[in-house]
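**Student:** Listed here are the chains, written in short residue letters.
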Amino acid sequence: MIAFDNVAYSYGGGELLSEISLRLAPGSFHFLTGPSGAGKSTFLKLCYAELLPTAGRVTLFDREVRSLTRDDIALSRRRIGVVHQDCQFLDHLPLAANVSLPLTVAGRSSEAQDLTDLLGWVGLGQLASALPPQLSGGERQRAALARAIIMGPDVILADEPTGNLDWEMSLRLLTLLVELNRMGKTVLIATHDLNLIRQAKSQIAARVLRISKRRIQLAGADL
Amino acid sequence: MSRLSLFRRDGQSDRVVPPSGHTAWLTSFTAGAMAFLAVFALALSLAAGRLADRWSDALERTATIRLAAPEDQKDVQTKAVLDILATTTGVASARALSDEEQRALLEPWFGPDLPLDALPLPRLIEITEGDPGYDGEGLRQRLAAEAPGAVLDDHTRWRRPLAVAASRLRLLGLLSIALIGTATAAMITLAASAALAANAQVIKVLRLVGARDSYIARAFVRRFTLRALGGAAIGTVLGMIGIALLPSTDTAGGFLTGLGFEGMGWLWPLTLPPLAAVVAFLATRAAAFRKLRELT
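Those protein sequences? They're chains L and U, same order as listed. Residue 226 is where the first sequence starts when you use my numbering, and the numbers rise one by one after that. Residue 7 is where the second sequence starts when you use my numbering, and the numbers rise one by one after that.
The set of hints was computed from the structure by calculation and includes no laboratory data. Here the structure is a predicted model, which means the values were calculated and not measured. Take the hints with a grain of salt, since some may be wrong.
[Stated by the list, open to error] Restricting the straight-line Cα-Cα distance to at most 25 Å, the calculated cross-link-like pairs of lysine to aspartate or glutamate (DMTMM-like) are:
1) L:Lys438 <-> L:Asp297
2) U:Lys85 <-> U:Asp123
3) U:Lys80 <-> U:Asp119
4) U:Lys210 <-> L:Glu289
5) L:Lys270 <-> U:Glu300
6) U:Lys210 <-> L:Asp297
7) U:Lys85 <-> U:Asp159
8) L:Lys270 <-> L:Asp316
9) U:Lys85 <-> U:Glu152
10) U:Lys210 <-> L:Glu393
11) U:Lys210 <-> L:Glu275
12) U:Lys210 <-> U:Asp20
13) L:Lys438 <-> L:Asp418
14) U:Lys210 <-> L:Asp316
15) L:Lys270 <-> L:Asp230
16) L:Lys270 <-> L:Glu289
17) L:Lys270 <-> L:Asp379
18) L:Lys270 <-> L:Asp297
19) U:Lys210 <-> L:Glu404
20) U:Lys210 <-> L:Asp311
21) L:Lys270 <-> L:Glu240
22) U:Lys80 <-> U:Asp160
23) U:Lys210 <-> L:Glu244
24) L:Lys270 <-> L:Glu364
25) U:Lys80 <-> U:Asp59
26) U:Lys85 <-> U:Asp105
27) U:Lys80 <-> U:Glu135
[What the hints assert, rightly or not] Here are some chain L residues the structure puts well away from chain U; computed CB gaps all over 12 Å:
28) Gly252
29) Ser292
30) Leu396
31) Gln424
32) Gln428
[Stated by the list, open to error] DEER-style ranges, computed between Cβ atoms:
33) L:Arg282 <-> U:Arg296: 23 to 31 Å
34) U:Ala189 <-> L:Ser437: 56 to 64 Å
35) L:Ser246 <-> U:His28: 30 to 38 Å
36) U:Glu300 <-> L:Asp391: 34 to 42 Å
Heads up, the beta-carbon is just placed ideally off N, CA and C, and yes, glycines get one too.
Chain L with its partners taken away, still in its complex shape (with noise of 0.2 Å):
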């Protein structure tokens, strides 16, 4: 779905990462983790080719990103839904268009109750007429999500999702993701929040990768 073959990534002559291999195969639920800076959302930003590698190649579902014309990194982006920490929207347009926006610019038509459902499912069926900066942070983490997964994505990202969330409502991203992960969608979540990870691995098999030294691998027994 999503591989990494001996990746690098370098800019303003430092090198951020370094030999990455890595698969994420189909249904998979991957977190991500490192300190701050380590090259998280750097490698999130590879997955979806907003970053090109500066070495090795990064596939995305089975084509080198570097053959991709801008046109197909669109359409490899509508099979990946993206959520960042710091989620953004089209502040004029109210939460519904916001996330039904994926569908809106592919020229497919939402149904109506099946954009109701999904506002539900996240819990914000009674916002749907709300404009974003009208929302609080766990509400456009909820929206971004519901809006991530609204094209029936292949793979879902999320960069820090719960970094501005309390507990509570990171609990309740964490299980909306991983029932979406039960559903057959390969997750990759990248966090530093420890206690989340424990949580996660209570309900779901989840790998968990550390970046460190510029290099990714396997996290073990200490988390």
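Since the structure of chain L is already known, use the hints to place chain U on it.
**Tutor:** Below, chain U without anything else, positioned relative to chain L:
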């Protein structure tokens, strides 16, 4: 993105990009002002063309023979010249101007009481050229042999600079339209780039959720094209009203009062709004795709 898709109603594509604020009226105003100026440049160009045609028509098929001879030989040489002209192939008609006609020609410079008899004026013979025309050099040689005081003036030395001036004026008009078009494109490119830069965050979100460049560009291109079309339509109408309100040639005479459109010429300015829309389409499209590559 085809031009047809541009005009296809796509409310969603329009809505995902927020209103562009000052760039909206800037684009409309620029297109309107430029169209207004283009109407006058077009009128200048068309008027220069008409003037060139008029001068050409009036002078091209006529020539004058100026006969300077002693008074006692003037009639004899005039008859000789007319005889030569009567037998010259390509001369449709020829006649000597009467004293009254010559007096009328000189009146603007010397006044109405010109003592024509007291002045050593040459006799003027007007020639109307046939089709095909006469051999000017051959006629000059015959005149030199049989009427030594006769000089053929085929108006070339007058006509050529006038025709050159008129054609240059027409060229200037067309050049002005081209410059106006280029300036419009530059202004709209700047406005579109500013709008795209101001919406960098929106574009980033759209790219993140899988929007193609053509989808994002369409919202901007459609918006700017329609604004340019609307602004140019208003500018064109105002320009045409301005031209229509100019004094008519019949009233005042002169070149400037002939600066207008005649007959089907009134249709030409109507091409300006679509032209502005095409310029805006191409300028915005190029700016949009360039900016999208920069931003994401």
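**Student:** Does each hint fit the structure? Answer for all of them.
**Tutor:** Against the structure, the hints come out as follows:
1. L:Lys438 <-> L:Asp297: 33 Å, violated
2. U:Lys85 <-> U:Asp123: It holds: about 20 Å lies between the C-alpha atoms, which stays within 25 Å.
3. U:Lys80 <-> U:Asp119: 23 Å, holds
4. U:Lys210 <-> L:Glu289: 23 Å, holds
5. L:Lys270 <-> U:Glu300: At roughly 17 Å apart (the allowed maximum being 25 Å), U:Glu300 and L:Lys270 satisfy the hint.
6. U:Lys210 <-> L:Asp297: Holds, at roughly 16 Å.
7. U:Lys85 <-> U:Asp159: Holds, at about 18 Å.
8. L:Lys270 <-> L:Asp316: 23 Å, holds
9. U:Lys85 <-> U:Glu152: 11 Å, holds
10. U:Lys210 <-> L:Glu393: Distance ~30 Å between U:Lys210 and L:Glu393 Cα, so the pair is violated.
11. U:Lys210 <-> L:Glu275: 10 Å, holds
12. U:Lys210 <-> U:Asp20: 16 Å, holds
13. L:Lys438 <-> L:Asp418: The hint holds at about 19 Å.
14. U:Lys210 <-> L:Asp316: Holds. U:Lys210 to L:Asp316 sits at ~13 Å (cutoff 25 Å).
15. L:Lys270 <-> L:Asp230: 16 Å, holds
16. L:Lys270 <-> L:Glu289: 15 Å, holds
17. L:Lys270 <-> L:Asp379: Between L:Lys270 and L:Asp379 the Cα gap is close to 16 Å, so the pair holds against 25 Å.
18. L:Lys270 <-> L:Asp297: Judged against 25 Å, a Cα distance of about 16 Å means the pair holds.
19. U:Lys210 <-> L:Glu404: Roughly 28 Å separates the two Cα atoms, so the pair is violated.
20. U:Lys210 <-> L:Asp311: Distance of about 13 Å is within 25 Å: holds.
21. L:Lys270 <-> L:Glu240: Holds: L:Lys270 and L:Glu240 sit about 16 Å apart, inside 25 Å.
22. U:Lys80 <-> U:Asp160: At roughly 21 Å apart (the allowed maximum being 25 Å), U:Asp160 and U:Lys80 satisfy the hint.
23. U:Lys210 <-> L:Glu244: 29 Å, violated
24. L:Lys270 <-> L:Glu364: Since the Cα atoms of L:Lys270 and L:Glu364 sit roughly 24 Å apart, the hinted pair holds (cutoff 25 Å).
25. U:Lys80 <-> U:Asp59: 36 Å, violated
26. U:Lys85 <-> U:Asp105: Roughly 16 Å between the alpha carbons, so the hint for U:Lys85 and U:Asp105 holds.
27. U:Lys80 <-> U:Glu135: This hinted pair holds, its Cα atoms lying about 24 Å apart.
28. Gly252: 22 Å, holds
29. Ser292: 17 Å, holds
30. Leu396: Given a closest Cβ separation of 26 Å, the condition holds.
31. Gln424: L:Gln424 clear of chain U: closest Cβ-Cβ about 28 Å, beyond 12 Å.
32. Gln428: 28 Å, holds
33. L:Arg282 <-> U:Arg296: 23 to 31 Å: Given about 29 Å between the Cβ atoms, the range holds.
34. U:Ala189 <-> L:Ser437: 56 to 64 Å: Because 58 Å falls inside the window, the suggested range holds.
35. L:Ser246 <-> U:His28: 30 to 38 Å: 51 Å, violated
36. U:Glu300 <-> L:Asp391: 34 to 42 Å: For L:Asp391 against U:Glu300, whose Cβ atoms are near 39 Å apart, the range 34 to 42 Å holds.
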